[in-house]
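Chains as they are written, first to last, in this note's numbering: chain A, 1 to 1095; chain B, 1 to 219.
Bear in mind the hints are in silico, worked out from the structure with no lab data behind them.
Predicted, not measured: the structure shown is a model, and the values here were computed from it.
C-beta atoms are modelled at their ideal positions from N, C-alpha and C, and glycine is treated no differently.
Any given hint could be a false lead.
Computed spacing ranges between beta-carbons, pair by pair [as the list claims (entries may be wrong)]:
| hint | chain 1 | residue 1 | chain 2 | residue 2 | range |
| --- | --- | --- | --- | --- | --- |
| 1 | B | Thr62 | A | Lys343 | 49 to 55 Å |
| 2 | B | Ala94 | A | Lys334 | 16 to 22 Å |
| 3 | B | Gly182 | A | Gln270 | 40 to 46 Å |
| 4 | B | Gly182 | A | Pro161 | 26 to 32 Å |
| 5 | B | Gly182 | A | Lys229 | 17 to 23 Å |
| 6 | A | Gln270 | B | Thr62 | 34 to 40 Å |
| 7 | B | Leu85 | A | His198 | 24 to 30 Å |
| 8 | A | Lys343 | B | Ile139 | 48 to 54 Å |
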Amino acid sequence: MDIYFCLRQPLEMVDSKRMKTSSNFQWLLSSFILLCLMNQVNSQKKGAPHDLKCITNNLKVWDCSWKAPSGRDTLYEVCIENRFNSCYRSEKTNTKIPALLPGDHEISINPIHNHSSISKFILNEENISLIPDTPEILNLTADFSTSALHIKWNDKGSAFPHHSNVTWQIEILRKKKMEIVTLMTHNTTLNGKDTLHHWSWTSDMPLECVTHYVRMRCYIDDLHFSGHKEWSDWSPVKNISWSPDYQPKVFPEDKVVLVGSDVTVCCVIQEKVILAQFGKEKCSLIHLDGENVAIKIYNISVSPTSGTNVVFTTDTNLVGTVIFAGYPPDIPQKLNCETRDLKEIICTWNPGRPTGLLGPHNTSYTLFESFSGKNVTFKRAEDPADISYQLFFQMIPNWEIYNFTLNARNPLGQSESTILVNITKRAVYPHTPTSFKVKDTNSTAVSLSWYLQGNFAKMHLLCQVEITKSNSVQELRNVTVKGVEDSSYFVVVGKLSPYTNYTFRIRCSTETFWKWSSWTIEKQHLTTEAIPSKGPDTWREWSSDGKNLIIYWKPLPINEANGRILSYNVSCSSDEETQSLSEIPDRQHKAEIQLDKNDYIISVVAKNSVGSSPPSKIASMEIPNEDDLKIEQAVGMGNGIFLSWNYDPNMTCDYVIKWCNSSRPGPCLMDWKKVPSNSTEAVIESDQFRPGVRYNFFLYGCRNQGYQLLRSIMGYIEELAPIVAPNFTVEDTSADSILVKWEDIPVEELRGFLRGYLFYFGKGERGTSKMRGLGPETGHSDIKVKNITDISQKTLKIADLQGKTSYRLVLRAYTDGGIGPEKSMYVVTKENSVGLIIAILIPVAVAVIVGVVTSILCYRKREWIKETFYPDIPNPENCKALQFQKSVCEGNSALTLEMNPCTPNNVEVLETRTVVPKIEDTEIVSPVAEHPEDSSEAEPENHVVVSYCPPIIEEEIPNPVADEAGGTSQVIYIDVQSMYQPQAKPEEQENDPVGGSGYKPQMHLPVSSPVEDGTAEDDLDDTAGYRPQANVSTWHLVSPDSPRSTDSNSEVVSFGSPCSINSRQFLLPPKDEDSPKSTGGGWSFTNFFQNKPND
Amino acid sequence: MNELIHRQDQEFGADLWFPLPAPLCLLTLLLPPLSSAAPISPAKPISQAYSLALYMQKNTSTLLQTYLQYQGSPFSDPGFSAPELQLSSLPSAAVSFKIWHALEDAERLSRAQGAFLALTQHLQLVGDDQTDLNPDSPILLAQLRAARLRAQGLLGNMAAIMTALGLPIPPEEDTLGLVRFGASAFERKCRGYVVTREYGHWTDRAVRDLALLKAKYPE
């Protein structure tokens, strides 16, 4: 062992020298430290070695050093006492000894050739420090494109006796100032061999922009070593830098990053950068060595299509780079693989979330089939708008199960989706069959052929035929055919109807159904003809003259004709003879044959190009009916009419209902309908039916080809209101009744079953609006309505009417469909003759009685009358004129004719011949008669009398009194008639038969006067014509020039004397308070007329 | 990159020049009888070229704006302009008025012809670049394609003018030379910008060139 140690040590020394040339320096350093320590010991022990310290770097050899007095070269002998005197000589103050076992060991250091004393130390492993050799970076390389640093070093594990864990510390520094970027640890184990280690680090900062430095150290954690363990020294620094062009550059170039990550972009430039921009956003600059700058972008968002620009601007230049931020590909969704022809598999998928990366960074897809190991790559379509994600994979012969993996990859990552398909069972989606053709087989079958691309040789095809009959009825039939490769297929489709238009189309699938192909295009096909399956529906009618039998038949429906009917054959056969009509063309559906009334059987046969139908037979004669048939009434349901009948077991063939429009001439046949013999009801519908038209329906039952009339029905499809009113006339009129008679409404105009009449009557004259709106709805209370529900009634007597009154009569007919229009008439009832006679007789009788009584009275009082009215000597007291004068002009009670104060000047009398119209004032007469003697009350009467204006001046009667007066005053009549108009009375005209000529109103004067004057009757004749003119003389008398009035008639004349002759007005205002009411009325009225012209 | 291309161009061009004279001599021998037989008036091709140039001028700003719009900020920012960006392979249209005016017709036409030749090639390159960068922008790609075809049309018209004027037609050179296919996206965006911008400038210049010629050779 000793020898071994002895021999080993130099060897190891050599080894270590060879291997650790670089660590010599450390060795020297540690030796120096030990020396210092030994010196310290020596100084304590007066020159003896002291301060022994041992370290190890490989646990095999301890490197011990001590301190010794300096300045002298001495040879030391180091002995380990309790070993076998293993001693080592050293010329220095250190020596290497093999590692000692755990426990205390005495070490003696004996300086030889020196008189110093021997130093002894106790050495234990626990006092030993394990300081690994300084590691060395063998290789530092950089991948600029990925900004990665790769470090390679040797752990020199062979120097270690046993396995130990090693911790490596690697420090990255940046910039010339060696700023620490990161310090990372890396753990390995020593396995007794020299092992190369690799370690990589990716820089956030592109390596091009700034120099990166790397150094490392290690720490060995040996479990068997009980001493101190310490970090090795740092390895020498290695750096990596990029030699720039003279052109400015920005890094990284075209980098693709994940959305949300942080990116550092730097610019290698010789100029000063003024501005850095990331997209639209300005960034703060991180200054690197020289003018180089960097910016840091945090949480980057998705880039636009052409990437996000990072631009550095200097005074004279613009440099930049583009960052593409996006997502790794989504897992392909809805991956589906199927085949259309069993030659090629088509896999389709949905790419899922967009990656935001296009162009060269777009996602690439690879479809990999794991059983065969084949793959296909997705090639993007040229047109970016038309991206269908699908891949075609050629099928492997006889291979059914495929395991596909679709791999999606882009610069940010990859994803995949898998699908396992049994291609023949669950993934055949055949192409659309082509060359689809239809060919006739027979009249009820066709053969279909089509071509289907694909290799279906080892399976059956399930195809579906869609048969559409006449564009309405659809039928689907499944057919199975044996598959072949790229070939045509045939099937026969039967159970079709002859001569029918069909539309066919087809689609296919495999028997193990997965998907139907698309339908082929539709093919129309008309099946061939067959013989008509039935004879035509036949009926017959005898012609109007009963000589000919008209045979009718209906064209066969298309499903029975089985082709185009070319002609009909009709034959009539009896026991004796047979008549036949053949080749009746198709458009003709009736034939006429002259027959006698024998029983014939008529048979009709339809023919098409294939053959003839079975004959339809009908007997020529009806089976007579035993009972008399009643004509029934029926009303339909708007579009048809419902008929029902009792079941009759005798009727063996069928029932026929025929109908016709009742108002049409000719044989009654519009149409007929056959109903099976087991039916008991039928709904007759026809497009020809019109509401409001009466139809006759006849129900026949069939028995041995003969028909028997069972029922006869008259009906409407829908009842309407009558279109006309019944024509009515007045048959008779009396004073209190009218007899009205009306006629029936024709059936065509009735438009329904007549249900009754409505008769309205009420007072009314032609042209008045009172009766205009007659009818129940108008609600006139004086209009009476009579509802005549007995439709057989044709007359009506209206009683309790008033005589000689105009009545309006209205008549309307109604059906269940409504009330028809009205027809009206005015009738005046006759006069009631008895009443008239009574009405005439009573007044006549009364008049006679009054006349007789008056005559008697007059006769009895004739003396008194004479005295009063016509005295022989006139009594002035009776003169009203005098009273008048007094009261007006003088106002005193003296009854003298003193006229002085009352001086008329000029009386203008205007002459006019106009006849004064009827005047109606009745008040004029009566007061005079009642108060003949009341002078004070005579004033109004006087006024009235004055107001009579003499219209006819020519009749002026020359007055001798006037002549006597001498002084003439000019009298001018003015137009005053108008003032008097209201004062005339119409009755006076009638009462005065004489006064018809000239001026009539004056006639009242005699009427008024005879009451008191007994000579009234005589005077009447005298005064006929113009009376007032007689008064002119009195006017002259009362003029100022002739104040005297002596005329006997002065009482009358004096009325006309106005106070002022010049005045055109009456100058007698009602001064007197006692003047009666009539006076005031008279004045106001005349004033009214008089003032008008003055205005 | 541009420098590189430029250098390559020159070398290539130099190589191209020397083998040419012999065939050219042959051509010149052949051409005179043809041209003398059918002397063509230059007015018509000048007028045609002028019309085309005017038409192109209307679309140049649209092309530039569309192009910039698709390149992202700061290119798409309103008022973006980077006159410092140039392409060594593309002659600049900027010229002092004095020099331009003093140019002979032949020289003027030759320069414009050279420029449009370079532009057609560059527009093809830009179109390819944009197919990568903006594959989903058919409007931009269509406008670039249209601009290239018009530039080619103008080239043809210019050749007709030169023929009519009896000027030699310069041979078609490869102005691009070896394109750096690995150009970064930013470089591609920039060169596209320069090409579309210069296309506008050269069209403006061509309009003036042709207007001058039109005045000299009225119809």
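>> Name the hints, by number, that the structure is in violation of.
In response: Hints 2, 3, 4, 5, 7, 8 contradicted; others consistent.
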